[in-house]
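Peer 1: Each chain, letter by letter, is given below.
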Amino acid sequence: MKIFMLGWEFPPFISGGLGTACYGLTKAMSKLGLEITFVLPRTIHTDKLSTHVNMRTPADITTSQIVLDENELKNIKFKTIDSALKPYATAESYRHEIEDMIRAKQKRSSTVTIGAESLDCNAHYAGDMYAEVHRYAASAVKLALQEDFDVIHAHDWMTYPAGIAVAAVTGKPLVIHVHSTEFDRSGENVNQMIYDIERAGMHAANRIIAVSYLTKNIILARYGIDGEKVDVVYNGIERNGNGFNFGKIGINKDEKIVLFLGRITMQKGPEYFLAAAKKVLEVMDNVKFVMAGSGDMMRQTIELAAELGIGSKILFTGFLRGEEVRKVYERADLYVMPSVSEPFGIAPLEALNHDVPVLISKQSGVSEVLTHVLKADFWDVNEIANKIVAVLKYPPLQMTLKEHGNFEVRKLKWEDAAEKCRQIYEQLVSQPVCV
Amino acid sequence: MPSVCFYFQVHQPYRLRHYTVFDEDHRYFDTFKNKAICQKVANKCYLPTNKLILDLIKRHDGRFRVAYSITGVLLEQLAEYAPEVMSTFDALARTGCVEFLAETYYHSLSFLYSRSEFQEQIFKHMDTIERLFGQRPKVFRNTELIYNNELAAAIDEMGVFDGIITEGADRILAGRSPNFLYKPPKEGKVKLLLKNYALSDDIAFRFSNRGWSEWPLMSNKFSEWINRVNGNGYVVNLFMDYETFGEHQWEDTGIFDFMRHLPDEIMKHPDNNFKTPTEAIAAYPATDTVNVPALISWADTERDLSAWLGNAMQSNALHELYRMEHNIKKTGDKVILSDWRKLQSSDHFYYMCTKYFSDGDVHKYFNPYDSPYDSYINFMNVMGNLEKRCTDSSRSRQKVTT
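Protein chains in written order, with the numbering used here: chain A, 1 to 435; chain B, 436 to 837.
Hints are computed from structural coordinates only; laboratory data are not their basis.
Don't be surprised by glycine CBs; every beta carbon is placed ideally from N, CA and C.
Treat the hints with care, since some could be wrong.
Stated by the list, open to error - DSS-like mimics (lysine-lysine), calculated; alpha carbons at most 27 Å apart, straight line: (1) A:K278 <-> B:K823; (2) B:K621 <-> A:K393; (3) A:K393 <-> B:K823.
Said to hold, decoys possible - Non-contacting residues of chain A with respect to chain B, defined by C-beta distances greater than 12 Å in every case (computed): (4) L32; (5) H96; (6) T317; (7) A376; (8) V391.
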């Protein structure tokens with residue numbers, strides 16, 4: 001079976017879990033014999049989307065840094081979109097272009113219509129991201145016409161317009177994979193344009209994959225989708241077989257390390273991490289709190305640390321990748337994810353994979369699948385601090401969490417996620433497409 | 436000839452309240468929850484079952500007889516939260532057909548960690564039973580039926596017991612029947628009554644299981660199984676949690692009706708009768724020796740200690756708790772001593788069990804925690820506070836004396 005997959009990031013061009021998930025999922029799909037064409041936007045604009053501040057453009061990265069194992073990804077073709085393509089085009093002109101292509105294809109029997117509602121009502125909003133999303137859609141349609149495939153699989157909102165357009169032009173079934181929603185990223189202050197794109201994508205899709213029941217519930221409650229159409233497929237984790245490489249990151253040996261690793265944004269709850277740190281420091285001294293990541297709340301978070309008077313105990317490392325991430329995990333005594341809303345949360349799995357016990361917020365999808373972890377409500381700073389102190393103070397707790405957590409995480413395999421996707425694809429191709 | 440020996444375990448621990456490292460007060464126990472559970476279980480189990488047993492004893496003119504082991508921590512809670520239950524146990528005691536067994540007052544694992552504490556708790560329990568029910572126990576059952584040769588020797592040395600109750604685990608019987616009396620390898624006075632786990636668990640665990648080939652279990656069918664022992668055993672020991680009636684097996688499963696008709700059915704056979712543990716020990720000789728070098732218990736399928744001592748958290752919490760014994764006792768503070776002892780109830784360590792946590796099962800019963808880790812953290816926080824109180828108390832006492 002051939003899959004036309006639309007993604008926004010792929011290692012090493014990643015800013016968070018999405019790229020990691022796409023990598024793990026496609027690798028496992030490839031092993032199942034699925035052939036995947038993976039479409040990536042070649043140029044990644046980072047100016048407007050502050051959560052992507054540390055992402056680099058392709059020009060910054062030499063080819064040798066792209067570590068893609070040819071063997072493991074043998075069934076995957078990568079298509080990147082030519083960055084020189086009409087750089088000054090507006091979203092409008094792309095929309096016309098897509099509509100023209102649809103009209104040209106309308107002779108076919110399908111009565112597919114593009115999610116015009118989302119495009120129309122946002123005509124006034126022609127920000128860079130919007131233009132980028134539609135430029136990507138237009139290019140994806142062109143690529144799709146040169147490719148032969150059975151199913152379209154689109155990851156997160158940036159690729160939904162492309163998914164809708166490709167489905168409209170080719171008549172192939174569309175699977176939307178929801179790794180996060182606007183409500184997770186922005187709380188109640190949703191960006192209407194993004195919400196509309198998400199909604200159009202979900203309604204146009206033949207099937208929706210949600211990364212957790214938490215996310216499925218949001219899809220049902222906030223986007224008006226029929227539950228029958230939504231499957232939950234949990235993310236997996238790859239076993240890291242590598243030995244440890246002990247690195248120094250400027251922390252005394254006898255000091256305990258509590259780690260926050262993720263984007264420093266509202267969604268991830270950095271202020272709760274700091275508030276808990278403050279409480280922990282009331283009863284313990286030899287501990288440092290490492291905040292690895294960047295994001296639009298970085299500055300605010302640094303200032304908050306200073307205001308709380310714990311600036312010297314908090315270490316901001318900026319965005320880490322690859323080897324740096326491994327080093328920081330090696331030194332960490334506990335990984336804390338106080339996310340306000342986390343559709344899934346791959347990072348805790350990675351922490352467990354590195355033998356680091358984790359404390360996660362109950363408001364995370366990953367808490368549905370993990371039992372050998374500590375859990376607390378993200379707002380319950382007292383309880384978060386209570387649990388941090390316990391892990392640092394009682395080695396048997398850390399040991400038991402590590403032992404069982406590491407065992408449990410091995411059960412979460414990308415192979416299983418890929419198999420579930422394959423089943424969804426097969427159901428789709430075996431039934432006539434009706435939109 | 437088989438006698439049927441019923442013994443019911445009656446216990447509820449003092450559950451801890453949510454206690455963080457930032458808490459400083461000395462209120463460790465969840466009064467609200469303990470009261471609620473105590474009253475709930477009283478209404479669903481203790482009161483209706485006590486009434487049923489009393490009726491059966493009266494109806495059969497004393498031929499129906501049973502034994503109870505009621506922990507000190509439950510007796511304290513009943514007196515406070517459900518005093519009406521106390522009077523029904525008192526009524527049962529007055530029939531003369533009910534035997535009360537001895538155990539550690541706090542339902543503790545003290546045998547494994549401190550012999551002095553172990554003995555103190557047994558005497559405290561025996562004194563309480565004698566005060567409340569007018570009889571001094573003659574048979575001992577250890578917490579969770581934990582047993583080995585050493586326990587038998589320790590109990591025998593106390594010189595006040597005729598017998599010990601424990602699990603009829605396959606590995607100690609090695610093909611022999613649990614329906615005989617046994618003795619430990621070291622020469623002494625005590626005889627052993629071993630639980631017939633197959634027949635006990637038919638009532639305690641399988642009774643309401645519709646997937647079980649013998650469901651529904653009726654008292655006449657069960658009596659036939661008892662009759663089969665005739666000629667091949669002296670006594671069928673049916674040992675179970677008292678909460679089996681009305682709580683583990685709800686009333687609508689028919690468990691009360693089953694019990695109501697069971698004495699009639701069993702005594703239909705003229706050779707059958709009911710005996711309490713002391714009566715069984717007096718009536719029958721020990722036929723053989725069981726050698727139990729390694730610890731056994733009545734828990735799970737493993738029948739070992741892994742439910743309380745299976746992971747690093749459990750053994751750490753237990754070691755730390757008993758490490759405090761000397762300092763706790765040195766304070767001479769009765770409240771501190773009582774708080775420390777309430778922490779010894781085996782339930783606190785059972786809640787920390789990670790064995791079946793992912794699957795979720797019987798370990799969840801009345802478990803106040805979401806996870807074993809939460810339970811350990813809570814316990815350690817409480818113990819941390821207790822230790823501090825202990826140190827403070829010793830310090831202030833030192834000041835007074837100097």
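Peer 1: Taking the hints in turn, state whether each one holds.
Peer 2: A quick look at each hint next to the structure:
1. A C-alpha spacing of about 23 Å is found between K278 (chain A) and K823 (chain B), which places the hinted pair at or below 27 Å, so the restraint holds.
2. For the given pair, K621 (chain B) sits about 44 Å from K393 (chain A) by alpha-carbon distance, which is inconsistent with the 27 Å threshold.
3. Distance hint between K393 (chain A) and K823 (chain B) is fulfilled; the C-alpha atoms sit about 16 Å from each other, no more than 27 Å.
4. Its beta-carbon lying about 27 Å from the closest one in chain B, L32 (chain A) satisfies the requirement of being farther than 12 Å from that chain.
5. Against chain B, the non-interface label of H96 (chain A) holds: every CB pair exceeds 12 Å, the least being about 55 Å.
6. Distance check on T317 (chain A): its Cβ is at least 27 Å (rounded) from any Cβ of chain B, clearing the 12 Å threshold; non-interface status holds.
7. The Cβ of A376 (chain A) sits about 9 Å from the closest Cβ of chain B, inside the 12 Å cut-off, so the non-interface label is violated.
8. Its beta-carbon lying about 9 Å from the closest one in chain B, V391 (chain A) breaks the requirement of being farther than 12 Å from that chain.
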